[in-house]
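S.K.: Chains as they are written, first to last, in the UniProt record's numbering: chain A, 1 to 388; chain B, 1 to 393; chain C, 1 to 70.
To be clear, the hints were calculated from the coordinates, so they are not data collected in a lab.
Values in this document were obtained by computation on a predicted structure and should not be read as measured data.
Keep in mind that a hint or two might mislead.
What the hints assert, rightly or not - Derived lysine-lysine pairs resembling DSS-like cross-links, with alpha carbons at most 30 Å apart:
1. B/Lys-4 with A/Lys-175
2. A/Lys-8 with B/Lys-378
3. A/Lys-8 with C/Lys-28
4. A/Lys-82 with C/Lys-24
5. B/Lys-335 with B/Lys-378
6. C/Lys-28 with A/Lys-82
7. A/Lys-82 with C/Lys-26
8. A/Lys-8 with C/Lys-62
9. B/Lys-338 with B/Lys-314
10. B/Lys-74 with A/Lys-175
11. C/Lys-28 with B/Lys-4
12. A/Lys-175 with B/Lys-194
13. B/Lys-149 with B/Lys-248
14. B/Lys-74 with A/Lys-180
15. A/Lys-175 with B/Lys-314
16. B/Lys-361 with B/Lys-164
17. B/Lys-372 with B/Lys-229
18. B/Lys-357 with A/Lys-175
19. B/Lys-361 with A/Lys-175
20. A/Lys-304 with C/Lys-26
21. A/Lys-180 with B/Lys-357
22. B/Lys-226 with B/Lys-194
23. B/Lys-226 with B/Lys-74
24. A/Lys-180 with B/Lys-314
25. A/Lys-175 with B/Lys-332
26. A/Lys-180 with B/Lys-338
27. B/Lys-376 with A/Lys-304
28. B/Lys-248 with B/Lys-314
29. B/Lys-4 with C/Lys-26
30. A/Lys-333 with A/Lys-8
31. A/Lys-175 with B/Lys-149
32. A/Lys-175 with B/Lys-376
33. A/Lys-304 with C/Lys-62
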Amino acid sequence: MEQFANAKISVRQFTILIIIGVIGDSILIMPTIVAASSKQDAWLSMAIAALLGLVMGAVFAAIANRLRRQSPITALQNRIGKAAGGFVGLLLLFNFFMCALTLMSEMSQFMTTQMMPETPVNAILLLFMAVIIIAYRYGVESFARVSELLFPVFLFLFLFMVILLMPQVDLSNMKPILAKGLPPVMMSVMPAFVTGFAEMVVLLMLVPHVAGKAKLTKPILWGYAIGGLILFIVVDLCVLVLGPSLMETKYYPTFVLAQKITIGQFLERLEVILMLIWIITVFYKTLLLFYALTAGTAQVLGLKESRMLTIPYGMILIVATIVGTPNISEYNKLLIYYYPWFDTVFCIGVPLVVLAVLAATGKGKASGQGGHAQNSQNGQNDQNGTNP
Amino acid sequence: MFYKMMVVLLCLLMLSGCWSRRELNELLIVLGIGFDWVDGEYLVSFQVVNPSEISAQKRGGERPPSTLYQGRGKTMLEAARSLTAEAPRKVYMGHLQLYVISEELARMGIGDFIDNALRDNEHRMDFKLVVARGMRAEDILKLYTPLDKLPTNSMLRSLETSEKNWAPTVSVTMDDVLKKLSADGTELALTGIKLIGSQEMAESKRNVETFLPQSRYRYKGIAAFKGDKLAGWLNETESKGYTDITDKLQSTSIEIPCKKDTFIGIEVTSSNSSIESKIVGGEPEFTIHIRSEGNIVERGCRDVDITDPATIEKLEREADEIIQGNAEAAVKRAKSMKSDFLGFGAQLNKDHPSVWKQVNKDWNDTYLPDLKIRYKIKMLIRKTGTTGNSTLK
Amino acid sequence: MSSVFAVLALAAAALGLEVPGLVKRKRKRELAVFLILLSIGSALYIALALETELPNPFGVLKLAFGGTTG
């Protein structure tokens, strides 16, 4: 069983994966975090965050376009040597690992808070991890295809929720607009921007598999735009239907939104069905991170296979998740105060460094740096001025 | 092959969701909760459904349709769990309909124990809260009601229906309570419920064996809060004013006197109100706009000619006055209680947040009592039923 | 104790699943990395099952970024 060296995902699948990844866990926890500081102006914070997200997307697109269908780690290894490239790769891997931890924490906390409070966290994590491992082992192509299948389901449920909540929208919940001025609004922008948009640096690891040679700017920007729009709509709904106090109080306001759907006293209690939305988005973002972690490790260490790393990584991740979130208050404090800085360094800083290196070692200087590229993810390596 | 087996086995693991399973016969479905304060701790009464009694198939009739279980404790959870010493199952809150708080406890403040309802994952936010007026919450939950076997159901429907059709009641759900308690510039108001008639009869099945039940519940008055503590009761006029100003009134009845003891009855069919805030000379001023439409449904005085547009106009003006009277009564009460349950402050915050920032702290005590309020009431009488002036002599 | 056995069983399953393939394809390096990671994973999991105090991975974050409030 060869590594999925030549697995190809279509550009559309790439875009869909980005959309689902951007929404990720933000849809569950962002409304609360954003409302904490900006209250009824939360929608404004989210809008600004989405716009900043587009800028981030442009940066990632710039990186992606220079990669020429190589993974960032491989590309760096080629251009600045295995050691330096490997080091940057390790930084990226560290980021993916931490990110995966946060996602799994949130997933397990959501399950045990709202749905199955008596189930031990271990069981939930094991099951979740098992599915991710299986998805990985089936390969990029297959989970990209499933995302294509699940995306309409997601959209349908999402629109269903939005439309059914329309009668409960109360525009006066938005007022007073900007009562306390811009600073509180800006304070919320940071976590929203970083969690949804900067963390998707993981999309760069998918670049080697995207079919064709075209530039990836459009799919990435579209993915960010649509994902950002959906997040914006969600935060809007939370403000307009729930009001700032409820949004800030409850930990999972989108769940409360779903609880609120009642049409003619007959269509009620649908929140369990709508949970499918969040399960899809959280699952995919975790899967992307896991993929990046595992495949990335193989790239950094120059391995030809990465499949066998899945189970060990799974175990390590589960243990780390359980140890890392002893209780929800500690986790929230971490998420709001420390994690944005981590994200800034690793999801914005490191990629910028990557971009700089790629730009500096661009055309004509690529490859030919002693040793050939080790990694079997090498699809189309068509740099000009190549091998001497 | 091995791999596929693993996948199949994993599907079995999906059943880990069954960890938290609770079969139907393990659920104690709570419909109503009553909170009392007895001897320094909470006395929580749970009115639970007795499923076999309300099933359509089995003929019951021997046992009451619901049962009351009570627990004591310093927190809601302690009380809820302590009743497992008596009850065969653990409570399930998913179908909670009514939350009754005793007046005594409401005066002490509801913020403390409400927190549990917010935090718990089984509670939904859609149950209604009422205050037991001058009596214990547990007594409200021990009533046999005619017509509806489940008393909480009856009380719930009555609350919703009377809010829509009669006015001096308001149905407040848990998330409304959260909003009102968290917001600046508006205070909570809950409806009061009381039992009329003998308490002893209430608890016995004989209550519903007579034509007119000896003991009935009745919603009476709206309780206005200051913060999370009950501050005072509004009478019927003031309550109507309250629901009118806060735009909750949909339909009610207005009686216009035309002779000494005879009235013309007007049914209000729709009513929209809003509060407008202005800053005049640095001071906030409010205008209450109420626009109602209605029909004449009873012409007690047969010498009033309702086919004459001039009469209609006259009746409209008189109705305006009555509506304004209700509103003024509510405002006067708010001022004297120093509790802004009508939401003037909140409106000021929405329209002029900068001014609100300054007056926020002393709003209830300093500014409210002297607020200048104008009324713009407009009643439009549209129809007179299916006849004009009847031919009755 | 049963959880320790469960972890060992899982590790054994992982070994059974991967090692034959790796050996057959003569991937020595991969095998080494796999074994190292698997040992780390199993050790951690067993430590967790025995309720030993494990360091919090987020502790690194707190050290690095501690003192800065959002």
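S.K.: For every hint, state whether the structure bears it out.
M.R.: Each hint tested on the structure:
In summary, the hint linking B/Lys-4 to A/Lys-175 is not supported, as the alpha carbons are separated by about 56 Å, beyond the 30 Å threshold. At roughly 70 Å between alpha-carbon atoms, A/Lys-8 and B/Lys-378 are farther apart than 30 Å, so this suggested pair is violated. At roughly 28 Å between alpha-carbon atoms, A/Lys-8 and C/Lys-28 fall within 30 Å of each other, so this suggested pair holds. For the hint pairing A/Lys-82 with C/Lys-24, the CA-to-CA distance comes to about 28 Å; that is within 30 Å, so the pair holds.
A hinted pair counts as satisfied when its Cα atoms are at most 30 Å apart, and B/Lys-335 with B/Lys-378 qualifies at roughly 24 Å. A distance of roughly 20 Å separates the Cα atoms of C/Lys-28 and A/Lys-82; the hinted pair therefore holds under the 30 Å criterion. A hinted pair counts as satisfied when its Cα atoms are at most 30 Å apart, and A/Lys-82 with C/Lys-26 qualifies at roughly 23 Å. The straight-line distance between the Cα atoms of A/Lys-8 and C/Lys-62 is roughly 40 Å, outside the 30 Å bound, and the hint therefore fails.
The hinted pair formed by B/Lys-338 and B/Lys-314 fails the criterion: a straight-line CA distance of about 36 Å is larger than 30 Å. Between B/Lys-74 and A/Lys-175 the CA atoms are separated by roughly 39 Å; this puts the pair beyond 30 Å, and the hint is violated. Proximity of C/Lys-28 to B/Lys-4 is assessed by CA-CA distance (about 27 Å); at most 30 Å being required, the pair is judged to hold. Between A/Lys-175 and B/Lys-194 the CA atoms are separated by roughly 38 Å; this puts the pair beyond 30 Å, and the hint is violated.
Restraint check: the Cα-Cα separation between B/Lys-149 and B/Lys-248 comes to about 29 Å, which is no more than 30 Å; the hinted pair holds. For the hint pairing B/Lys-74 with A/Lys-180, the CA-to-CA distance comes to about 39 Å; that exceeds 30 Å, so the pair is violated. Using a Cα cut-off of 30 Å, the hinted pair A/Lys-175 and B/Lys-314 is violated, with the two alpha carbons roughly 39 Å apart. As the CA atoms of B/Lys-361 and B/Lys-164 are separated by approximately 35 Å, the hinted pair breaks the 30 Å bound.
For the hint pairing B/Lys-372 with B/Lys-229, the CA-to-CA distance comes to about 26 Å; that is within 30 Å, so the pair holds. For the given pair, B/Lys-357 sits about 14 Å from A/Lys-175 by alpha-carbon distance, which is consistent with the 30 Å threshold. Taken as a hint, the B/Lys-361 and A/Lys-175 pair is honoured in the structure, with Cα atoms around 20 Å apart against an allowance of 30 Å. At roughly 11 Å between alpha-carbon atoms, A/Lys-304 and C/Lys-26 fall within 30 Å of each other, so this suggested pair holds.
Between A/Lys-180 and B/Lys-357 the alpha-carbon distance is near 9 Å, which keeps this suggested pair within the 30 Å criterion. Pair hint B/Lys-226 plus B/Lys-194 holds up; C-alpha atoms about 22 Å apart against a cutoff of 30 Å. A threshold of 30 Å between alpha carbons decides the hint, and for B/Lys-226 with B/Lys-74 the separation of about 24 Å falls inside it, so the pair holds. Pair hint A/Lys-180 plus B/Lys-314 does not hold up; C-alpha atoms about 48 Å apart against a cutoff of 30 Å.
For the hint linking A/Lys-175 to B/Lys-332, the alpha-carbon distance of about 27 Å falls within 30 Å, and the restraint holds. Between A/Lys-180 and B/Lys-338 the CA atoms are separated by roughly 27 Å; this keeps the pair inside 30 Å, and the hint holds. For the given pair, B/Lys-376 sits about 80 Å from A/Lys-304 by alpha-carbon distance, which is inconsistent with the 30 Å threshold. At roughly 26 Å between alpha-carbon atoms, B/Lys-248 and B/Lys-314 fall within 30 Å of each other, so this suggested pair holds.
For the given pair, B/Lys-4 sits about 25 Å from C/Lys-26 by alpha-carbon distance, which is consistent with the 30 Å threshold. The suggested pairing of A/Lys-333 with A/Lys-8 is violated, with an alpha-carbon distance near 40 Å, which exceeds 30 Å. Proposed proximity of A/Lys-175 and B/Lys-149 is contradicted: the alpha carbons are some 44 Å apart, above 30 Å. As the CA atoms of A/Lys-175 and B/Lys-376 are separated by approximately 24 Å, the hinted pair is consistent with the 30 Å bound.
In summary, the hint linking A/Lys-304 to C/Lys-62 is not supported, as the alpha carbons are separated by about 36 Å, beyond the 30 Å threshold.
Of the numbered hints stated above, those contradicted by the structure are hints 1, 2, 8, 9, 10, 12, 14, 15, 16, 24, 27, 30, 31 and 33, listed in ascending order.
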